[in-house]
Amino acid sequence: MMDAIKRYFRSPAAIAGLFLLLVVIAMAVSAGFLYPRDPLALAGRPLIWPFSNPRFLLGTDNSGRDIAAQIFYGARISLLIGGVATAIAILIGILVGAFAGYYGGWVDNVLMRITEAFQTLPNFVLLLVLVAVFGSTLTTVTIAVGVVSWPAPARLTRAEFLSLRNREFVQAGRTLGMKDIQLILGEILPNALPPVIVYASVVMAVAILLESALAFLRLSDPNVASWGNLIGLGRDVLRVQWYVSAIPGIAILVTVLAVSLVGQGLNDALNPRLKSR
Amino acid sequence: MSDSILSLEHLGVRLPKGADRPHALSDVSLAIKPDEILCVVGESGSGKSMMANAIMRLLPNDVMIDGGRVMFEGKDLASATVAEMRQVRGAGIAMIFQEPMTALNPLRTIGDQIAEMFSIHTDLSKAEIAERVLALLADVRIPDPAVAAKAYPHELSGGQRQRAMIAMALALDPKLLIADEPTTALDVTTQAQILKLIRDLQQRRKAAVLFITHDFGVVAEIADRVVVMQHGVIVEQGAATAVLIDPQHAYTKQLIAAVPPLKAPPPRALSGENILTISGVSKTYRTGGFLGRGARVTPAVKDVTLTLPKGATLGIVGESGSGKSTLARCLVRLIDPDSGSIVLEGKDWAKLSREEVRRETRHIQMVFQDPFASLNPRRKAAELVAQGPIVHGTPRAEALADARELFTLVGLDPSAGDRFPHEFSGGQRQRIGLARALALKPDVLVADEPVSALDVSVQAQVLKLLAELRQRLGLSIVFITHDLRVAAQICDLVAVMKDGAVVEQGLAGEVFGNPQHPYTQALLASIPGGDFTRKRDAAVLG
Chain A
9 MMDAIKRYFR SPAAIAGLFL LLVVIAMAVS AGFLYPRDPL ALAGRPLIWP FSNPRFLLGT
69 DNSGRDIAAQ IFYGARISLL IGGVATAIAI LIGILVGAFA GYYGGWVDNV LMRITEAFQT
129 LPNFVLLLVL VAVFGSTLTT VTIAVGVVSW PAPARLTRAE FLSLRNREFV QAGRTLGMKD
189 IQLILGEILP NALPPVIVYA SVVMAVAILL ESALAFLRLS DPNVASWGNL IGLGRDVLRV
249 QWYVSAIPGI AILVTVLAVS LVGQGLNDAL NPRLKSR
Chain B
1088 MSDSILSLEH LGVRLPKGAD RPHALSDVSL AIKPDEILCV VGESGSGKSM MANAIMRLLP
1148 NDVMIDGGRV MFEGKDLASA TVAEMRQVRG AGIAMIFQEP MTALNPLRTI GDQIAEMFSI
1208 HTDLSKAEIA ERVLALLADV RIPDPAVAAK AYPHELSGGQ RQRAMIAMAL ALDPKLLIAD
1268 EPTTALDVTT QAQILKLIRD LQQRRKAAVL FITHDFGVVA EIADRVVVMQ HGVIVEQGAA
1328 TAVLIDPQHA YTKQLIAAVP PLKAPPPRAL SGENILTISG VSKTYRTGGF LGRGARVTPA
1388 VKDVTLTLPK GATLGIVGES GSGKSTLARC LVRLIDPDSG SIVLEGKDWA KLSREEVRRE
1448 TRHIQMVFQD PFASLNPRRK AAELVAQGPI VHGTPRAEAL ADARELFTLV GLDPSAGDRF
1508 PHEFSGGQRQ RIGLARALAL KPDVLVADEP VSALDVSVQA QVLKLLAELR QRLGLSIVFI
1568 THDLRVAAQI CDLVAVMKDG AVVEQGLAGE VFGNPQHPYT QALLASIPGG DFTRKRDAAV
1628 LG
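For the protein sequence lines, the chains are A and B, in the order given.
The numbers in my numbering rise by one with no breaks, and the one at position 65 of the first sequence is 73.
The numbers in my numbering rise by one with no breaks, and the one at position 394 of the second sequence is 1481.
Just chain A, with the same shape it has in the complex (with noise of 0.2 Å):
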């Protein structure tokens, strides 16, 4: 453990994801602290450019709201759905992948057919169906991410499910009079997580795209303040006050770009014999 912290500490890159990780957080965190007042309540005169006033150090949109305020707020919701999303279709793909991997066989043929029939629709139709049939709350939105990301985490675990379940060591588990699910979940599954710890930060940077690109279709929870709601309201100006979609497109753009260094970071900690190739 202590060795894959080293090695994680030593390329720049996973530095700077975490580093950008870790602003985003801190912008979250703060938020409260920072804006006091409600983000979405009306603060000025609309369409201030950024730096033209001290008040508004990011301007503010077509109806006169803060955009700074927005943006940090914004951070909140961006990290609460990728992180819930994200836990939801690990877990989904987990479970799926690992019965899947370990029985093969009936269990295997009907549970990968039911994720290739997830994995032909493409997720954001699929999205849109969940979205405009049960409403387009933050939670609904939330766990409908969730729910289209998991065919992938599942096969990456059914792939390494495979490979392990012959192993001597889960053979010598059996000698030993283990059950099944002391095999899957005490022997096989630490053995098979890297791989999947290291898919999920993949998972976590769609899953933040997934909702942006669904509020810029207003589909989103318009009660909060999030980017891709900023971004959708910008729609209307692009032409001339371009900034309003532009700036939280840039914290998109710095959120998923940390998520994926410090997956790509995580990676080459817990493979290293991958990365000296």
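To be clear, the hints were calculated from the coordinates, so they are not data collected in a lab.
Pairwise CB distance ranges, derived in the manner of DEER restraints: (1) Val133(A) to Arg1465(B): 39 to 49 Å; (2) Tyr1372(B) to Leu170(A): 17 to 27 Å; (3) His1208(B) to Ile33(A): 56 to 66 Å; (4) Thr1371(B) to Tyr111(A): 16 to 26 Å; (5) Asn1148(B) to Asn70(A): 55 to 65 Å; (6) Ile13(A) to Lys1438(B): 46 to 56 Å; (7) Tyr111(A) to Tyr1239(B): 29 to 39 Å; (8) Val133(A) to Pro1193(B): 32 to 42 Å; (9) Asn1148(B) to Leu55(A): 49 to 59 Å; (10) Met1188(B) to Ala140(A): 51 to 61 Å; (11) Gln127(A) to Thr1392(B): 44 to 54 Å; (12) Val118(A) to Tyr1239(B): 26 to 36 Å.
Below are the BS3-like pairs computed for lysine-lysine, each with C-alpha atoms no more than 25 Å apart in a straight line: (13) Lys1438(B) to Lys1528(B); (14) Lys1350(B) to Lys1622(B); (15) Lys187(A) to Lys1467(B); (16) Lys1262(B) to Lys1293(B); (17) Lys14(A) to Lys1104(B); (18) Lys187(A) to Lys1528(B); (19) Lys187(A) to Lys1434(B); (20) Lys1397(B) to Lys1551(B); (21) Lys1397(B) to Lys1350(B); (22) Lys1438(B) to Lys1397(B); (23) Lys1120(B) to Lys1283(B); (24) Lys1162(B) to Lys1120(B); (25) Lys1622(B) to Lys1283(B); (26) Lys187(A) to Lys1438(B); (27) Lys1467(B) to Lys14(A); (28) Lys1162(B) to Lys1262(B).
Residues of chain A placed beyond 10 Å of chain B at every Cβ, according to the derived structure: (29) Gly52; (30) Pro62; (31) Leu65; (32) Ala125; (33) Val133; (34) Thr147; (35) Val206; (36) Leu246; (37) Gln272; (38) Asn275.
Ideal Cβ positions, reconstructed from N, Cα and C, are used throughout, including at glycine.
Chain A is already provided as a structure; the job is to place chain B on it using the hints.
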């Protein structure tokens, strides 16, 4: 040294920081004459493979030559450019590897891959190349060269693949052939054929061979001269006969002494009572095929009947594919046999349900082959050993305390329980595996090639431990091995398997001393260095 084809002069190879020692090789000097076979012997980690890679300049990126010269035909390869090395590799010095399956490209035919050697290094026409390829394949005695040239690597047997590799290495008439453990992955009978082939080709083609091996039996079979390495340093070199008969360095003596004698020790008195009775056990694998059409049927174990007396050791020997491992796995029910019965303590083990097997499994336990793969890398040693009893209901604290006692029993430091498997050496890990199997206090221990992944000197220690434990705990052991020497050392009874069936069985002394079946005779005759050990054993007795 002017008459030598290749000479290493004070060669040093530096390892990256954090390795177990600063230098893979230090101050290595040796010379190979144009028409001799030089064997480099050493245990794993002695730097022998690193030496081959240093000569070919195929070292990993963070490993560097940091001193000395590699003189080949008047050129120093240690300072040659990349382009110069390309000229030397293949044409000047060729190499054969341990595992031909991974050294060959699985997507191209054998003939194609050999032809590539000519198309890169010469400007022969296609027809000429095809002709040469066939001649080469005939030269390495592949049956039906025309068919072999069109075959893909997976369509050939291990021995044929190694012959194809040798053909490829010889394509451009290299002055020197480096063979890195070329027979280690092969069965004994195939190994004997390949060794004969290498010897034969070396004499016909007048090439020098640098032969790397860990096995003194192979050395006795093939070497003109021997270099013994330990921890990256040459400890002894000289003519093969001199080194084998009269080793000077303590390490060489130890290595030669560790080559087990071929003779079984005098038989022990065996109990009249059988603890395990195997009768008519069969297992057939069926693969592929739709609704029964085109399915491939492989009988892995055919109607095997054996008995294990209480407190005895039954050796099951055979080459790869003989079904010995499948049989072992049937015994512990990792595989369900198709038919037959396995009676242990009055219960037919072959017919128990999964749930019953789980409960009864403490009576029969298994030790696995690969000490690196058989221990979960994410559990501490003490936990690994305590797992079994915990599963069967022993409280955790008590199981962990027992595990520490078992550590002492198998010759490990009880305080080592807090370490992870990767912090142990191969021999130590195998002791952990043994402790894990013993934790459930089994009556029968099934050991599947427990020493074949270990160095000879470690092998001897683990076998000794196994014999001691058998005595102390009254264990009965089923010992699976491909190595007849190992079987001769530890087994009371021996069964020889071929193609899934037992062809001969009996007391170890009788089977090895007076083999009846032609296959057993062939196996015994193929053991590398057989003559040498027989002479040595005779000398010791006389």
